[in-house]
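Protein sequences appear in the order of chains A and B.
For the first sequence, position 52 (counting from the first letter as 1) is numbered 52 according to our numbering, and the numbering increases by one without interruption.
For the second sequence, position 194 (counting from the first letter as 1) is numbered 194 according to our numbering, and the numbering increases by one without interruption.
Take these hints with a grain of salt, some might be off.
Claimed, not checked - Quick list of the computed label-pair ranges, beta carbon to beta carbon:
id: 1; chain 1: B; residue 1: D102; chain 2: A; residue 2: A287; range: 52 to 60 Å
id: 2; chain 1: B; residue 1: E148; chain 2: A; residue 2: R262; range: 55 to 63 Å
id: 3; chain 1: A; residue 1: G255; chain 2: B; residue 2: G42; range: 30 to 38 Å
What the hints assert, rightly or not - Lysine-lysine pairs mimicking DSSO-like chemistry, simulated, CA-CA at most 27 Å apart:
id: 4; chain 1: A; residue 1: K265; chain 2: A; residue 2: K238
id: 5; chain 1: B; residue 1: K92; chain 2: A; residue 2: K152
id: 6; chain 1: A; residue 1: K238; chain 2: B; residue 2: K24
id: 7; chain 1: B; residue 1: K156; chain 2: B; residue 2: K24
id: 8; chain 1: A; residue 1: K219; chain 2: B; residue 2: K24
id: 9; chain 1: B; residue 1: K92; chain 2: B; residue 2: K151
id: 10; chain 1: A; residue 1: K238; chain 2: B; residue 2: K204
id: 11; chain 1: A; residue 1: K221; chain 2: B; residue 2: K208
id: 12; chain 1: B; residue 1: K105; chain 2: A; residue 2: K152
id: 13; chain 1: B; residue 1: K105; chain 2: B; residue 2: K24
id: 14; chain 1: A; residue 1: K152; chain 2: A; residue 2: K34
id: 15; chain 1: A; residue 1: K231; chain 2: B; residue 2: K151
id: 16; chain 1: A; residue 1: K152; chain 2: A; residue 2: K265
id: 17; chain 1: A; residue 1: K265; chain 2: A; residue 2: K219
id: 18; chain 1: A; residue 1: K152; chain 2: A; residue 2: K219
id: 19; chain 1: A; residue 1: K152; chain 2: B; residue 2: K110
id: 20; chain 1: B; residue 1: K105; chain 2: B; residue 2: K204
id: 21; chain 1: A; residue 1: K152; chain 2: B; residue 2: K94
id: 22; chain 1: A; residue 1: K265; chain 2: B; residue 2: K110
I should point out that these hints are in silico values taken from the structure, not numbers from a laboratory.
No experiment lies behind these values; they were computed from the predicted model shown.
We put the CB at the ideal spot given by N, CA and C, even for glycine.
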Amino acid sequence: MHPAFSVIFLTTLIGAAQGLFLALFTAQSYAAFKLLPQPDAHAFYGQGSLLALVLLIAGLGASFFHLGHPERAWRAATKWRTSWLSREVIVLPAFMGVVFLYGLAHWLGWHPVMMTLPGGLPVDPSAILGVAGTLLAFALFVCTAMIYASLKFLAEWHSPLTVINYILLGGASGFSLAAAFAAYTAPELVSFLTGWAIIITLLGLVGRAASLYRNARLKPKSTLQTAIGIKHPRIVQKTQGFMGGSFNTREFFHGSSVGVLRAIKWFFLVAVFPMPVVLLASGMQGATILLAAAFLVQYAGLLAERWYFFAQANHPQNLYYQSIA
Amino acid sequence: MTQLALVIDLNVCVGCQACVTSCKEWNTSGSAGPMGDQNPYGADPTGTFFNRVQTFEVGEFPNTETVHFPKSCLHCEDPPCVPVCPTGASYKRKEDGIVLVDYDKCIGCKYCSWACPYGARELDEQQQVMKKCTLCVDRIYDMTMAPEDRKPSCVKACPTSARLFGDIHDPQSAVSLAIRESGGYPLMPEWGTQPANHYLPRRKTRIKIHEDELERADNPLKVDRQLPRPAMDEPTLDDVTTW
């Protein structure tokens with residue numbers, strides 16, 4: 001497939017935002033159970049939510065560049081019964097709304113006790129919004145990943161690993177961002193968030209390596225024989241019916257050499273996993289620059305990872321477009 | 001229930017591209033149009049087509065066969081492009097099984113083209129909406145046309161009658177008969193899309209010639225061969241003897 005930068009930015013930006021929100025609410029939950037010190041809610045949760053919201057808006061903005069008719073984008077919410085893309089279009093704004101309210105509750109210091117848990121723990125609106133946001137964050141990961149995983153023709157994507165990796169890689173970048181952000185606003189949480197960022201990054205490495213291993217061993221279900229229905233083992237295309245390009249030759253081919261593809265794969269394998277882990281581990285004591293570098297390196301790596309994710313997918317329609325003459 | 005479809009005979013197609021140009025001409029001026037071209041006279045021309053004819057070489061030289069392969073939307077009975085559409089712009093008509101795109105609802109997200117294993121959909125660069133074969137839906141029901149003209153324009157254009165059009169759910173129709181009797185097959189059956197369009201395979205054409213067909217049975221002027229002359233007292237027999 002041809003990797004579209006609009007979709008690469010959409011999936012990586014909202015992934016980081018979802019991970020960041022999950023990190024914020026994880027920290028809040030730990031602090032509620034007195035497992036972590038209480039940070040400055042206004043600065044950490046409030047501004048953190050604002051940061052997540054900015055990333056979500058940037059991702060949503062990027063997605064509009066993918067559309068031929070952005071002014072009709074509202075129509076995309078109608079077919080949620082059958083289309084994962086439609087479901088994403090509904091869940092994304094819902095998640096944005098909850099992140100906004102969650103941040104607002106912390107920003108304004110709005111903490112009326114709405115109920116008390118059996119252990120005597122008070123539940124305020126931010127906790128309820130946090131649970132709702134957590135559910136929506138995971139729902140959004142599933143929707144985004146299922147857009148790709150549900151396409152059975154694209155064997156590289158048609159796997160539960162796609163969903164697992166979207167969750168893990170979004171989570172890893174979000175927790176790395178949360179660690180760097182905490183170094184500025186809540187230093188007492190840095191080591192906790194850094195630890196989780198390292199753990200999720202390593203889990204992400206396992207998931208992504210598993211999908212690379214799987215994809216390297218895929219056997220295409222469709223062949224030129226099934227594509228045109230002629231059983232002879234040796235069929236060569238002589239012409240695809242036109243000499244200039246067409247949508248079919250632009251949209252479904254990445255047009256890069258094997259060398260470039262391999263270089264990008266090794267770049268993201270280094271930039272998404274070992275480098276951020278080393279930077280996070282060395283910045284665990286609160287070295288702001290190292291933690292910020294960890295997130296930036298990981299995010300740059302994720303852009304390459306997403307590029308590779310698209311480029312690696314081999315569409316069966318390509319069987320019909322192998323030769324110009 | 002009706003399922004309109006094309007049946008394309010690969011044994012007859014000569015790859016003349018008449019269906020390609022006739023399709024483009026009709027549809028660029030019909031309700032599906034315009035089908036814009038970009039840079040049509042430049043070095044790298046491109047444009048929207050509903051129908052393409054490709055050519056494949058089967059076998060190894062010198063034992064090769066050239067197969068011309070017309071390719072358009074197959075109007076699948078279980079079209080994978082329809083459920084993925086987020087707006088409902090892509091739909092399959094209940095009454096005749098034609099898969100269509102509502103150009104006023106399409107947002108140009110290209111998701112349906114990813115979901116089609118055949119590459120039958122093309123995004124129109126000019127209008128930025130997804131386009132595909134309509135089976136000439138604006139022709140086949142046009143009561144102002146003569147009945148024999150109410151067929152897709154590719155079918156009308158084909159000089160070798162390689163393209164048949166009809167209802168494949170009607171067992172008596174010409175297309176059903178062709179599929180049944182001439183080995184019609186769908187493309188990429190492994191995906192379970194149940195394409196409505198079928199293709200008829202290449203056939204070996206052999207002519208068995210008998211000895212007596214090489215000479216004229218009726219040979220009054222004895223041009224081909226002199227026949228044995230009978231004896232004077234024997235009867236003469238047309239075609240057997242010469243007298």
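The hints, checked one at a time:
{"no.": "1", "hint": "B/D102 - A/A287: 52 to 60 Å", "result": "56 Å, holds"}
{"no.": "2", "hint": "B/E148 - A/R262: 55 to 63 Å", "result": "58 Å, holds"}
{"no.": "3", "hint": "A/G255 - B/G42: 30 to 38 Å", "result": "20 Å, violated"}
{"no.": "4", "hint": "A/K265 - A/K238", "result": "33 Å, violated"}
{"no.": "5", "hint": "B/K92 - A/K152", "result": "20 Å, holds"}
{"no.": "6", "hint": "A/K238 - B/K24", "result": "23 Å, holds"}
{"no.": "7", "hint": "B/K156 - B/K24", "result": "13 Å, holds"}
{"no.": "8", "hint": "A/K219 - B/K24", "result": "37 Å, violated"}
{"no.": "9", "hint": "B/K92 - B/K151", "result": "19 Å, holds"}
{"no.": "10", "hint": "A/K238 - B/K204", "result": "22 Å, holds"}
{"no.": "11", "hint": "A/K221 - B/K208", "result": "41 Å, violated"}
{"no.": "12", "hint": "B/K105 - A/K152", "result": "25 Å, holds"}
{"no.": "13", "hint": "B/K105 - B/K24", "result": "23 Å, holds"}
{"no.": "14", "hint": "A/K152 - A/K34", "result": "47 Å, violated"}
{"no.": "15", "hint": "A/K231 - B/K151", "result": "31 Å, violated"}
{"no.": "16", "hint": "A/K152 - A/K265", "result": "24 Å, holds"}
{"no.": "17", "hint": "A/K265 - A/K219", "result": "20 Å, holds"}
{"no.": "18", "hint": "A/K152 - A/K219", "result": "14 Å, holds"}
{"no.": "19", "hint": "A/K152 - B/K110", "result": "16 Å, holds"}
{"no.": "20", "hint": "B/K105 - B/K204", "result": "48 Å, violated"}
{"no.": "21", "hint": "A/K152 - B/K94", "result": "25 Å, holds"}
{"no.": "22", "hint": "A/K265 - B/K110", "result": "26 Å, holds"}
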